[in-house]
Amino acid sequence: MLARVANNLFWMGRYIERSEHIARYMNVNYFSSLDAPNARSQDRQFVLRSMLFMVGDPVHDDSTVLEEEKVLYKIGLNPEFPFSIINNVKYARENANSARDLISTELYESINKFYHFVLNYPVETFVKNGLYDFTVNVAEMTAILRGKIRGTLLHDSVYAIILMGVNIERATQIIRIINTKYNDALEAQGSYGDKFSNSFEWTTLLKCAESYDMMRRLYKKTPTSISTLEFLILNPNCPRSVMNSLNQVHKHIKQLDQSTKYNKNSTAFLVGKVRSEYEFKHIEEIEGNIQAFIDQILKSLTEISQKMDKEFFNY
Amino acid sequence: MSSEYSITYKAENHYENWVHDAHWQFLIIPEQNNTQEFVSVDFKNSLGAINEYSINGYGFRTIRIQPRKKFKEISFEANFRLLKKEVNPFDFELGEEIVKSYQKIQELDFKVDFEPFLRKTHYTTLPEKDSTIFQFDTEKSIFENLKALNHWTFIHIYFKTGVTDVHTTLHEIIDNRHGVCQDFSHLFCALARQNGIPARYVSGYLHQGNGYFGDSQMHAWAEAYVPNIGWVGFDPTNDLLANTDHIKVAHGKDYADCSPLRGVVYSKGKNTTSHAVQVLQQQQ
Amino acid sequence: MGKIENRIFSSYERNPILYDEIYDKNGDIKNVYQKLFDLYGGHSIRDYVKLNTKAKSSFFNQGITFQVYDEKESQEKIFPFDLFPRIIDQDEWDVIERGAIQRSKALNLFLWDVYHDKKIIKDGVVPMELISSSANYLDQMIGIDPPGGIYNHISGTDVIKHNDGKYYVLEDNIRCPSGVSYVICNRTALKRALFGVFNHYRTYSVTNYAENLLDLLETTKPKGVDTPNCVVITPGMYNSAFYEHSYLAKTMGVELVEGRDLFVENDFVYMKTIGGPLKVDIIYRRIDDAFIDPLEFRPDSALGVPGLFAAYKKGNVTLANAPGTGVADDKAVYTYMPQIIKYYLDEEPILNNVHTYHCSRPDELKYVLEHIPELVIKPVDEAGGYGISIGNRLTKEEIETIKKQVKENPRKYVAQPIMSLSVHPTYIDDSESFEQRHVDLRTFTVLGKDKEFVLKGGLTRVALKKGNLIVNSSQGGGSKDTWVLKE
Chain P
1 MLARVANNLF WMGRYIERSE HIARYMNVNY FSSLDAPNAR SQDRQFVLRS
51 MLFMVGDPVH DDSTVLEEEK VLYKIGLNPE FPFSIINNVK YARENANSAR
101 DLISTELYES INKFYHFVLN YPVETFVKNG LYDFTVNVAE MTAILRGKIR
151 GTLLHDSVYA IILMGVNIER ATQIIRIINT KYNDALEAQG SYGDKFSNSF
201 EWTTLLKCAE SYDMMRRLYK KTPTSISTLE FLILNPNCPR SVMNSLNQVH
251 KHIKQLDQST KYNKNSTAFL VGKVRSEYEF KHIEEIEGNI QAFIDQILKS
301 LTEISQKMDK EFFNY
Chain C
316 MSSEYSITYK AENHYENWVH DAHWQFLIIP EQNNTQEFVS VDFKNSLGAI
366 NEYSINGYGF RTIRIQPRKK FKEISFEANF RLLKKEVNPF DFELGEEIVK
416 SYQKIQELDF KVDFEPFLRK THYTTLPEKD STIFQFDTEK SIFENLKALN
466 HWTFIHIYFK TGVTDVHTTL HEIIDNRHGV CQDFSHLFCA LARQNGIPAR
516 YVSGYLHQGN GYFGDSQMHA WAEAYVPNIG WVGFDPTNDL LANTDHIKVA
566 HGKDYADCSP LRGVVYSKGK NTTSHAVQVL QQQQ
Chain L
600 MGKIENRIFS SYERNPILYD EIYDKNGDIK NVYQKLFDLY GGHSIRDYVK
650 LNTKAKSSFF NQGITFQVYD EKESQEKIFP FDLFPRIIDQ DEWDVIERGA
700 IQRSKALNLF LWDVYHDKKI IKDGVVPMEL ISSSANYLDQ MIGIDPPGGI
750 YNHISGTDVI KHNDGKYYVL EDNIRCPSGV SYVICNRTAL KRALFGVFNH
800 YRTYSVTNYA ENLLDLLETT KPKGVDTPNC VVITPGMYNS AFYEHSYLAK
850 TMGVELVEGR DLFVENDFVY MKTIGGPLKV DIIYRRIDDA FIDPLEFRPD
900 SALGVPGLFA AYKKGNVTLA NAPGTGVADD KAVYTYMPQI IKYYLDEEPI
950 LNNVHTYHCS RPDELKYVLE HIPELVIKPV DEAGGYGISI GNRLTKEEIE
1000 TIKKQVKENP RKYVAQPIMS LSVHPTYIDD SESFEQRHVD LRTFTVLGKD
1050 KEFVLKGGLT RVALKKGNLI VNSSQGGGSK DTWVLKE
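Chains as they are written, first to last, in the numbering used here: chain P, 1 to 315; chain C, 316 to 599; chain L, 600 to 1086.
Since the hints were derived computationally from the structure, they do not count as laboratory data. Keep in mind the model is a prediction, meaning the values are calculated, not measured. Watch out, some of these pointers could steer you wrong.
What the hints assert, rightly or not - In silico DSS-like pairs for lysine-lysine, Cα to Cα no more than 30 Å straight-line:
| # | chain 1 | residue 1 | chain 2 | residue 2 |
| --- | --- | --- | --- | --- |
| 1 | L | 1006 | C | 444 |
| 2 | L | 624 | C | 444 |
| 3 | C | 387 | P | 310 |
| 4 | L | 717 | L | 704 |
| 5 | P | 264 | C | 385 |
| 6 | L | 1050 | L | 765 |
| 7 | P | 221 | P | 207 |
| 8 | L | 1050 | C | 419 |
| 9 | P | 128 | P | 90 |
| 10 | C | 435 | L | 634 |
| 11 | L | 1011 | C | 444 |
| 12 | L | 634 | L | 624 |
| 13 | L | 1085 | L | 1050 |
| 14 | L | 1085 | L | 765 |
Unchecked claim - Label-pair restraints from in silico Cβ distances:
| # | chain 1 | residue 1 | chain 2 | residue 2 | range |
| --- | --- | --- | --- | --- | --- |
| 15 | C | 545 | L | 913 | 25 to 35 Å |
| 16 | P | 117 | L | 938 | 49 to 59 Å |
| 17 | C | 336 | L | 973 | 31 to 41 Å |
| 18 | L | 947 | C | 347 | 48 to 58 Å |
| 19 | L | 913 | C | 325 | 23 to 33 Å |
| 20 | L | 1049 | C | 428 | 57 to 67 Å |
| 21 | P | 280 | L | 804 | 54 to 64 Å |
| 22 | C | 422 | L | 938 | 34 to 44 Å |
| 23 | L | 638 | P | 154 | 35 to 45 Å |
In this text, a Cβ means the ideal position worked out from N, Cα and C, and glycines have one as well.
Just need the whole structure built from these sequences, with the hints factored in.
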């Protein structure tokens, strides 16, 4: 496979995944805030700020009053805003275009349909009453794409590269969401006991990661900071957890790098190292200093991405 | 008797910003022919990139370089040593039958065989008004006429550097009557071709020990095809026939076929380039 | 023939002067079309519109689109496609196929000759100006023996049917002829929309193009290579034919590369893969000559590969088509095709040439200037239907303008009698009915070493504007699926 095309496939995977997380984040936060149990969590300004924080465009000035329609447009459909969903989908398709000869017709067709759906979504409808419809469709279409990736591609290096992108992005986005919700929970604390630990925002966080139901099944209790973080970071069986993503990344890097020789400079080595670090971590270690943990894991993920770039994409 | 020449070619490029990708192709190696025998070639670049020896589209030897790392400056230095056989430019039978040779150049086979060197190219197209500026006297032999053309060009243009560049066409040269060796050679080729004689532009080195014009860059002259004799070198810049001091690198239809350095550099911002050539002769 | 009410064609207006592909001289449906006519006739125009819309969205979703750039933003459009196929029976096809091979072979021999001994010029069969004043003659190709002896691996021969019922060649495209992916997409779309009609006809498949192309390209591999590594090189995804480039790479099962994916080292070509450099032996290039190597041709080209030509000259890589083939698809060469075929193959041309007047010859120039309303005036060196003037469509002022242009630069123009392209029923969106539209046919011929292949089908291009004769997609043309029938 060409190095340049591999790079494009990697980023195609990342952009598909990224657009889904942004869409779901918008959806869950907006709609769960409507009947949230406390005033802070219900506050529209609070929700809009949370969305902007998540996409990497935080509002620092507390006195700024945000307009809902403008914020929704910016994150959803503004072609001028580099982190908008529409741009993510555009980039995903552009990357797919350049690798069209390597991916299946079915996958390409689905990406293309996805692109046309987002591109043609009427802005007026979206900002007035289309948020639910739009974001649910984005989430569903990305699920279809994952299905097409799994079901119509040869499980070879092309597949491995795409899934590396998907999983690195997923881990990154989950961490970003945790980061945002961690900040939200500091602001919107619960009403009893350890107010931070019992914040309503942990439930929202789980829903953002499509993991609420599974979490309830496992813990059978209202989510707290510790149970939520344990589930989303360390539980290897939760398909959205950081641990699960790292396991996937590890599996696919092995597919790409089949050398049996020990090479401490390889991406495979780095991935293995990071993965085992989290495999044997327990939640108490993290809970003490969540912020430091978040910074550390984001750094590790960036390092993996950079190393891949050097080893595979940049002959 | 033959002389040994030692030629040094240097080039230096400086760039304002990092260059991440660059390719160069040098057309500076003297040609191997029956008067030029190669002794050695040594080529270095300051980045230690591999020097790839190759052949260009016209069959001349080139050196290609692609540094695989980013840089802001690069310099090149080439040293060639070669033996040049003593050339007597008049060393051929002038048994040219005048009428027959003018008939020869009219033949279709002749025109087809020498077609590229009879063609009007970008640099060798005469302005319409000047198409009869130099006409052959068919009473005299083709060789005599070419010598006269050589002299005419030498007289018509005043050697002056800095007034023309690689983009100058004949229109300006004829009107302004000054230029450098390239311009002399283009005008010579154009007028020879205008009179039906195949002519080619030659790029090479000139040993300047004898006070010839040719500056410290590469030199240019021309070769014209004389029926029954072959290609004969004319240096209109110096009103000479090419001789031992002319060390040929390549020929072509005009400068565009022979430019000593072609490069593709992906970089933004300004850059500066300098070249220098030195030719030394050791009598043997 | 019993009168069946044919709902879909009830409003079809037939201009008796034009040669209609589906009607014979007496105004009856031709045998080969009868079944199709009945089958389509069973539908209402509403059904047809529905199918048409579906087919369009299938093209759109598959991304079989081209970009249209206007001032504000680029837009994606699909190539207009017509669901009513064109049928060519075995006997007619046989003529086209043999004719296309004959021309491609003759052109290959012509190219060899003009880059070697130039015998055809020395023998006075064609004038020297064909090479000396051609912008597409590459001096660098002189004396090079292309691997396998092939220059024009892929030729696109455009043929039309005149109102005398005979096929004429309009031009030979032997640089980078495009359109073959649409042949296959048209077939796929028609199958998706109207699979039933295929039960009634035995039609040759068109999906075997890519495998044949790869097979034949491999016969022209460089010396000393056992299993050649072939790639397709594209100018990139913003090129209007990018879909075709990716389609071909995918169906040939080879990598689609851009110039920046390749590099030359010691006169061999390599591509940059995730596992390091990999040698490349055959390049099906969809980049014009001038852009393939910035060190040898246009220095400002960022599309090509520095050093590629040196590798080619050494015989270390095959380029398909070879550089410099453009000299043989100039319109000036076209006019000598009958002589060229005779000279190299000692055969009579199987397909007719349209008579051509050379404005460079004084007597012919005189004729052209006097007869502009009856002629098509073409610049010699433009492709894609640009710069063509059709005499009977011009106003008086326009005629004067053309006259002036031709007089000023007679060498630049040739003229031909106005050919009456045959017409074919075509569904027209605006009127929601079938109307007669002019069609031509681009055929695709692949030459390998001692082997050749003609795609049994080709691209039927339709001039969608009423009365228009220019079918190029850049000029608002559409296309139809083309069926070649088995006996």
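Outcome of the hint check:
Proximity of residue 1006 of chain L to residue 444 of chain C is assessed by CA-CA distance (about 20 Å); at most 30 Å being required, the pair is judged to hold. Proximity of residue 624 of chain L to residue 444 of chain C is assessed by CA-CA distance (about 61 Å); at most 30 Å being required, the pair is judged violated. For the given pair, residue 387 of chain C sits about 22 Å from residue 310 of chain P by alpha-carbon distance, which is consistent with the 30 Å threshold. Restraint check for residue 717 of chain L and residue 704 of chain L: satisfied, since their Cα atoms lie roughly 17 Å apart, inside the 30 Å limit.
Distance check on the hinted pair: residue 264 of chain P and residue 385 of chain C sit about 26 Å apart at the alpha-carbon level, within 30 Å; holds. For the given pair, residue 1050 of chain L sits about 27 Å from residue 765 of chain L by alpha-carbon distance, which is consistent with the 30 Å threshold. With a C-alpha separation of about 15 Å, the suggested pairing of residue 221 of chain P with residue 207 of chain P holds against the 30 Å cut-off. Between residue 1050 of chain L and residue 419 of chain C, the direct Cα distance comes to roughly 43 Å. Violation of the 30 Å bound is thereby established for this hinted pair.
At roughly 23 Å between alpha-carbon atoms, residue 128 of chain P and residue 90 of chain P fall within 30 Å of each other, so this suggested pair holds. Restraint check: the Cα-Cα separation between residue 435 of chain C and residue 634 of chain L comes to about 61 Å, which exceeds 30 Å; the hinted pair is violated. About 22 Å separates the Cα atoms of residue 1011 of chain L and residue 444 of chain C, which keeps this hinted pair within 30 Å; it holds. The straight-line distance between the Cα atoms of residue 634 of chain L and residue 624 of chain L is roughly 19 Å, inside the 30 Å bound, and the hint therefore holds.
This hinted pair checks out: residue 1085 of chain L and residue 1050 of chain L have alpha carbons roughly 22 Å apart, not beyond 30 Å. At roughly 21 Å between alpha-carbon atoms, residue 1085 of chain L and residue 765 of chain L fall within 30 Å of each other, so this suggested pair holds. At roughly 29 Å, the beta carbons of residue 545 of chain C and residue 913 of chain L sit within the given window of 25 to 35 Å. With their beta carbons about 58 Å apart, residue 117 of chain P and residue 938 of chain L fall inside the hinted range of 49 to 59 Å.
Here the CB-CB span from residue 336 of chain C to residue 973 of chain L is close to 56 Å, at odds with the stated 31 to 41 Å. Against the hinted window of 48 to 58 Å, the Cβ-Cβ separation of residue 947 of chain L and residue 347 of chain C comes to about 50 Å, which satisfies the hint. Separated by about 29 Å at the C-beta atoms, residue 913 of chain L and residue 325 of chain C satisfy the suggested range of 23 to 33 Å. Here the CB-CB span from residue 1049 of chain L to residue 428 of chain C is close to 31 Å, at odds with the stated 57 to 67 Å.
Between residue 280 of chain P and residue 804 of chain L, the C-beta spacing of about 59 Å keeps the proposed range 54 to 64 Å intact. Between residue 422 of chain C and residue 938 of chain L the beta carbons are some 22 Å apart, a value that contradicts the proposed interval 34 to 44 Å. Take residue 638 of chain L and residue 154 of chain P: their Cβ atoms lie about 39 Å apart, and the range 35 to 45 Å holds.
Figure legend: structure checked against the earlier numbered hints; hints not met, in rising order: 2, 8, 10, 17, 20 and 22.
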